[in-house]
Amino acid sequence: MSDYTMYEGQAILPAAKNMKQFEQLLDSSYQYGVFLDTHIAQLKSIYRMAGSHNKKMFLHADLVHGLKNDEYAAEYLCQEIKPFGIISTRGNVIMKAKQKGVLAIQRIFMLDTIALEKSYALLEKTQPDYIEVLPGVVPHMIREVVERAGIPVFAGGLIRTVEDVENALAAGATAVTTSNSYLFSQYQR
0 MSDYTMYEGQ AILPAAKNMK QFEQLLDSSY QYGVFLDTHI AQLKSIYRMA GSHNKKMFLH
60 ADLVHGLKND EYAAEYLCQE IKPFGIISTR GNVIMKAKQK GVLAIQRIFM LDTIALEKSY
120 ALLEKTQPDY IEVLPGVVPH MIREVVERAG IPVFAGGLIR TVEDVENALA AGATAVTTSN
180 SYLFSQYQR
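Numbering (numbering that gives the first Met the number 0), first residue to last: 0 to 188.
Hints in this document: simulated from the structure, not taken from any laboratory. Given the structure is predicted, the values throughout are model-derived calculations rather than measurements. Be a bit skeptical, because a hint or two may be false.
Claimed, not checked - Quick list of in silico lysine to aspartate or glutamate cross-link-like pairs, EDC-like style, CA-CA up to 16 Å:
1. Lys19 <-> Glu7
2. Lys16 <-> Asp69
3. Lys43 <-> Glu7
4. Lys43 <-> Asp69
5. Lys19 <-> Glu70
6. Lys55 <-> Glu7
7. Lys81 <-> Glu70
8. Lys99 <-> Asp128
9. Lys117 <-> Glu74
10. Lys16 <-> Asp36
11. Lys97 <-> Glu70
12. Lys97 <-> Asp128
13. Lys97 <-> Glu116
14. Lys67 <-> Glu22
15. Lys99 <-> Glu79
16. Lys97 <-> Glu143
17. Lys81 <-> Glu116
18. Lys97 <-> Glu74
19. Lys99 <-> Glu123
20. Lys117 <-> Glu79
21. Lys99 <-> Glu143
To be verified - Label-pair ranges, simulated between beta-carbon atoms:
22. Asp111 <-> His52: 21 to 31 Å
23. His139 <-> Val161: 36 to 46 Å
24. His38 <-> His139: 32 to 42 Å
25. Ala40 <-> Arg142: 35 to 45 Å
26. Leu157 <-> Gly8: 16 to 26 Å
27. Met48 <-> Ile113: 25 to 35 Å
Don't be surprised by glycine CBs; every beta carbon is placed ideally from N, CA and C.
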């Protein structure tokens, strides 16, 4: 494992895309994780389970089935579910999370120069607590985002190997989000 700066001592933020991975996370030594693909009816029970295991879970608001990803949904999530943090591609969701005192993670896609420039403009407007960059396997671009935005970065998307994790961290990522169970086991303390 690397000696790079990590999120509260975690190089990996395990991203649970199903209940099996969530249960794996509950039984692990990880303190922080991410909910990716959930249903609105599951939210209260899975957050209760996470809390009973002292897990602090980020929620990807755009991936909650049955909930529109707008500022009203973000307000509901912040008031009723109380996630540790909210991840979203939507600027209005990020600003509402910040207003409600919930960690806000702006997810951006590094598709091309135009998309990246639009993302920089959005980041100036929203001023999130963290940025999640996808794909997370482009170290020189992670470095650019860290330097230009001046906001801590999580790297995610297409992270498949320990080398991918190490390269993202070496480029300046604070942590790597991944749903790869093999990587969960490789970085568990």
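Verification of the supplied hints:
1. Our distance criterion of 16 Å between C-alpha atoms is broken by Lys19 and Glu7, whose separation comes to about 24 Å.
2. A threshold of 16 Å between alpha carbons decides the hint, and for Lys16 with Asp69 the separation of about 21 Å lies outside it, so the pair is violated.
3. About 25 Å separates the Cα atoms of Lys43 and Glu7, which puts this hinted pair outside 16 Å; it is violated.
4. The hinted pair formed by Lys43 and Asp69 fails the criterion: a straight-line CA distance of about 19 Å is larger than 16 Å.
5. With a C-alpha separation of about 30 Å, the suggested pair Lys19 and Glu70 falls outside the 16 Å cut-off, and the hint is violated.
6. Distance restraint check for Lys55 and Glu7: the Cα-Cα separation of roughly 11 Å lies within the 16 Å cut-off, and the hinted pair is therefore satisfied.
7. Distance hint between Lys81 and Glu70 is fulfilled; the C-alpha atoms sit about 15 Å from each other, no more than 16 Å.
8. Note on Lys99 and Asp128: the hinted pairing holds, with a Cα-Cα distance of about 13 Å set against a maximum of 16 Å.
9. Between Lys117 and Glu74 the alpha-carbon distance is near 25 Å, which puts this suggested pair outside the 16 Å criterion.
10. Straight-line distance between C-alpha atoms of Lys16 and Asp36 comes to about 5 Å, which keeps the hinted pair within the 16 Å bound.
11. For the proposed pair Lys97 and Glu70, the alpha carbon gap of about 11 Å is at most 16 Å, so the pair holds.
12. Between Lys97 and Asp128, the direct Cα distance comes to roughly 8 Å. Compliance with the 16 Å bound is thereby established for this hinted pair.
13. With a CA separation close to 23 Å, the supplied pair Lys97 and Glu116 exceeds the 16 Å bound.
14. Straight-line distance between C-alpha atoms of Lys67 and Glu22 comes to about 26 Å, which puts the hinted pair past the 16 Å bound.
15. Taking the CA atoms of Lys99 and Glu79, the gap is near 12 Å; set against the 16 Å cutoff, the hint holds.
16. With a C-alpha separation of about 24 Å, the suggested pair Lys97 and Glu143 falls outside the 16 Å cut-off, and the hint is violated.
17. Between the alpha carbons of Lys81 and Glu116 the distance comes to roughly 32 Å, so the proposed pair goes past 16 Å and is violated.
18. Between Lys97 and Glu74 the CA atoms are separated by roughly 10 Å; this keeps the pair inside 16 Å, and the hint holds.
19. Distance hint between Lys99 and Glu123 is unfulfilled; the C-alpha atoms sit about 19 Å from each other, more than 16 Å.
20. A hinted pair counts as satisfied when its Cα atoms are at most 16 Å apart, and Lys117 with Glu79 does not qualify at roughly 32 Å.
21. This hinted pair does not check out: Lys99 and Glu143 have alpha carbons roughly 30 Å apart, beyond 16 Å.
22. Our hint of 21 to 31 Å for Asp111 and His52 is violated, since their Cβ atoms are close to 41 Å apart.
23. Under the hint 36 to 46 Å, the C-beta atoms of His139 and Val161, about 19 Å apart, miss the expected range.
24. Judged by the Cβ atoms, the range 32 to 42 Å given for His38 and His139 holds: they are separated by roughly 38 Å.
25. For Ala40 paired with Arg142, a C-beta distance near 41 Å keeps the hint of 35 to 45 Å intact.
26. Our hint of 16 to 26 Å for Leu157 and Gly8 holds, since their Cβ atoms are close to 24 Å apart.
27. For Met48 and Ile113, the Cβ-Cβ distance of about 42 Å falls outside the hinted range of 25 to 35 Å, so the restraint is violated.
When held up to the earlier numbered hints, the structure conflicts with 1, 2, 3, 4, 5, 9, 13, 14, 16, 17, 19, 20, 21, 22, 23 and 27 and fits the remainder.
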